[in-house]
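**Q** Just so you know, the sequence shown maps onto residues 1 to 261 in full-length UniProt numbering.
Hints are computed from structural coordinates only; laboratory data are not their basis. Virtual Cβ for every residue (Gly too), placed ideally from N, Cα, C. There's no promise every hint is true.
Label-pair distances were calculated between CB atoms; the ranges are [unchecked claim]:
hint : residue 1 : residue 2 : range
1    : Val215    : Thr135    : 38 to 44 Å
2    : Asn213    : Asp96     : 21 to 27 Å
3    : Gln68     : Asn164    : 34 to 40 Å
4    : Lys97     : Thr226    : 38 to 44 Å
5    : Ala171    : Thr226    : 21 to 27 Å
6    : Val215    : Ala171    : 36 to 42 Å
7    : Gln68     : Arg165    : 16 to 22 Å
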Amino acid sequence: MEINQILRRGGSKVAFKLFKKTAKKLDNYSLSHGVSLVTYDNPISTISEQFNTIRTNIQFSSVDRNLQSILFTSSAPSEGKSTVSNNVAVSWAKQDKRVILIDADLRRPTIHRTFGVSNHLGLSNYLSGTVDLETVIQPTMVENLFVITSGPTAPNPSELLGGNRINEMLATLTEQFDCLIFDAPPINSVTDAQVLATRVDGVILVVPCGIANKVGVTQAKKSLETVHAHILGFIMNRMTKENMEGYYGGEYSGYYGAIQK
């Protein structure tokens with residue numbers, strides 16, 4: 001069974017991206033410098049517009065429940081979840097919405113590098129009870145967009161993310177912000193994302209075409225379903241024109257497309 005068939009089972013929704021850089025190059029650069037914010041650096045580009053399309057389709061992907069907190073994850077490291085979540089956050093903020101982007105990847109954080117902010121205090125400090133929430137909220141160069149970085153490396157990320165303070169944080173942030181976006185760890189690597197998936201309104205799984213392992217993608221989807229996470233959809237990225245065959249008859253063009261049935 002092809003990956004797109006795995007993802008579509010149960011009426012799942014899928015979006016696409018065209019990206020040819022290797023995962024290794026992307027991973028090394030992201031960890032050292034942060035991810036590329038094309039929606040900020042080049043807001044009128046085709047790829048920025050497709051991020052806007054993803055944002056719009058997320059907004060309208062669920063008509064029967066409020067979508068205020070959204071978690072982005074992947075099946076394995078280096079699959080593009082930080083690039084997607086960070087750019088969607090920028091896109092959302094440009095709609096005059098107060099947005100907060102939270103680096104919940106406490107083991108391999110990137111948000112502080114992407115936005116050039118301090119990581120001296122962050123999510124790990126708040127969850128461990130050493131600082132209050134307001135202390136770890138930082139503004140960014142993007143109007144209306146705030147971040148909570150990961151903070152110093154914690155010895156017990158899963159326990160911190162599963163504690164009561166995460167619920168207190170969500171309750172407070174949902175009153176202060178229009179949209180909460182979590183950049184979470186890969187779901188098959190650690191239990192952190194699975195724990196967080198039960199606390200948010202919806203989950204997006206980022207899947208790189210030609211890189212993702214079918215078994216890994218199947219396991220990631222199963223892990224989310226096991227905890228009854230509300231899966232909003234899947235974003236297929238790093239696609240080439242050659243492997244577009246079978247997706248909309250190979251007629252798709254551009255970088256990102258609408259999340260569709």
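**Q** If a hint holds in the structure, say so; if it does not, say that too.
**A** Hints, verified against the model:
no.: 1; hint: Val215 with Thr135: 38 to 44 Å; in the structure: 42 Å, holds
no.: 2; hint: Asn213 with Asp96: 21 to 27 Å; in the structure: 40 Å, violated
no.: 3; hint: Gln68 with Asn164: 34 to 40 Å; in the structure: 20 Å, violated
no.: 4; hint: Lys97 with Thr226: 38 to 44 Å; in the structure: 32 Å, violated
no.: 5; hint: Ala171 with Thr226: 21 to 27 Å; in the structure: 25 Å, holds
no.: 6; hint: Val215 with Ala171: 36 to 42 Å; in the structure: 37 Å, holds
no.: 7; hint: Gln68 with Arg165: 16 to 22 Å; in the structure: 19 Å, holds
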